[in-house]
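In case you want the letters, here they are:
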Amino acid sequence: MTVRDFQEAFDEKIDKEIAIEPRDWMPDNYRKTLIRQISQHAHSEIVGMLPEGNWITRAPSLRRKAVLLAKVQDEAGHGLYLYSAAETLGISRDEMYDQLHSGKAKYSSIFNYPTTTWADMGAIGWLVDGAAIMNQVALCRTSYGPYARAMVRICKEESFHQRQGFEILLQMSKGTEIQRRMVQDAIDRWWWPSLMMFGPSDDNSPNTAQSMRWRVKRFTNDELRQRFVDVTVEQCKILGMTLPDPELKWNEEKGHYDFGAINWEEFWNVVNGNGPCNKERLEARAKAWENGKWVRDAAFAYSEKRKERSGSKDSKAA
Amino acid sequence: MPEQNSNKNEWPLWEVFIRSKAGLDHKHAGSLHAIDANMAIENARDVYTRRMEGVSIWVVESKYIHASDPDSSGALFDPANDKIYRHPTFYDLPDELTHM
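Quick mapping for you: the protein sequence lines, in order, are chains Z and G.
Just so you know, we're using our numbering here: the first sequence kicks off at -9 and counts up by one.
Just so you know, we're using our numbering here: the second sequence kicks off at 101 and counts up by one.
Keep in mind that the hints were calculated from the coordinates and are not lab data.
A portion of the hints provided could be inaccurate.
Claimed, not checked - Here are the computed lysine-lysine pairs in the DSS-like style, where the Cα-Cα straight-line distance is at most 27 Å: (1) G:K183 to Z:K146; (2) Z:K295 to G:K163; (3) Z:K283 to G:K163; (4) Z:K277 to Z:K297; (5) Z:K244 to Z:K227; (6) Z:K164 to Z:K227; (7) Z:K6 to G:K121; (8) Z:K96 to Z:K22; (9) Z:K22 to G:K163.
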């Protein structure tokens, strides 16, 4: 078969909704796009543990602490599912870590914002995980098999993340005036960055068309963002709180909520490393990796030694 | 299967298979890195069975898995393609015939 035949066979599979698997032929750019997207996604899960890890020791009750621990452990797991999905495309785990630690690879900008009060744990679960789920549910049908399978597993687990967040806010919203103010303050700080999680608007997202053609993406950034706004506005009413957007208004004709302009300058600033916590997050990651080196080395040495010993025992027996 | 990378310091890659309950077979769940089989099983427990997804775990180093070539799957599976008489629906039998 020539490259053209391979390309045609690939296109046909995509059109027929047949998943692409690791050893199938795929265009170089499809592979590159997936490596970038899946590794970014994995990095986001791993860095995403940091803002919440900040609150594990300060959770207000044993129940909340157990829940938060389980959530953060899930995020580690999600990162691992995604790293191994990316590895099937031929990139090594260490290469991906290097890209993260050197700042070459990106992760979701949302994790570059600080978590200043306990209400932030609620807002992150409700809004940040809510936005992530909106995106991830769509990715369960992405064309690359290992990525889609990882997403299915992740979506099953994420649902509790959003529910526990909403529960935190709901409970606080029934509390004292100070607690209610904390909830509103957290919502005010996390709302806009959550909308930015869907990425640049469609007219500024040059890769969207190709990703849609390859069925890597199933919906555009703006479509998913709109869907998120529509469901979240209704949920917010249950909390009796407001979303910090005076332009938020039901549009009868469109059947959707209209919302105000996103501050893209802020978005690009944070993406490019100038958010409130970019430096702190990367330093924490790099430090964890460096501090774990002796453990990795020791495990390696132990395994080498055991191999040697079992080798010499075998030769004695012979 | 994923290609083995030549990075010497990286722990080997393992494929994880999980039996979700007694009576069912082990099913591929994903992969992970570990230095040896014991660590692979412990890591698999943490990564793939946090919600009681399994009662048994198999791990095998990825390099030991041999797979058919996707590019020749047409020829490989060809012998089964034209033998529809292997399926019960191939046989034209009267509707009155029951318990069969």
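Verification of the supplied hints:
Using a Cα cut-off of 27 Å, the hinted pair K183 of chain G and K146 of chain Z is violated, with the two alpha carbons roughly 39 Å apart. Restraint check for K295 of chain Z and K163 of chain G: the C-alpha separation of about 21 Å stays at or below 27 Å, so the hint holds. Using a Cα cut-off of 27 Å, the hinted pair K283 of chain Z and K163 of chain G holds, with the two alpha carbons roughly 25 Å apart. Taken as a hint, the K277 of chain Z and K297 of chain Z pair is broken in the structure, with Cα atoms around 31 Å apart against an allowance of 27 Å.
Proximity of K244 of chain Z to K227 of chain Z is assessed by CA-CA distance (about 21 Å); at most 27 Å being required, the pair is judged to hold. Among the hinted pairs, K164 of chain Z with K227 of chain Z is consistent with the structure: their alpha-carbon atoms are about 13 Å apart, no more than 27 Å. For the hint pairing K6 of chain Z with K121 of chain G, the CA-to-CA distance comes to about 34 Å; that exceeds 27 Å, so the pair is violated. Note on K96 of chain Z and K22 of chain Z: the hinted pairing holds, with a Cα-Cα distance of about 15 Å set against a maximum of 27 Å.
Using a Cα cut-off of 27 Å, the hinted pair K22 of chain Z and K163 of chain G holds, with the two alpha carbons roughly 24 Å apart.
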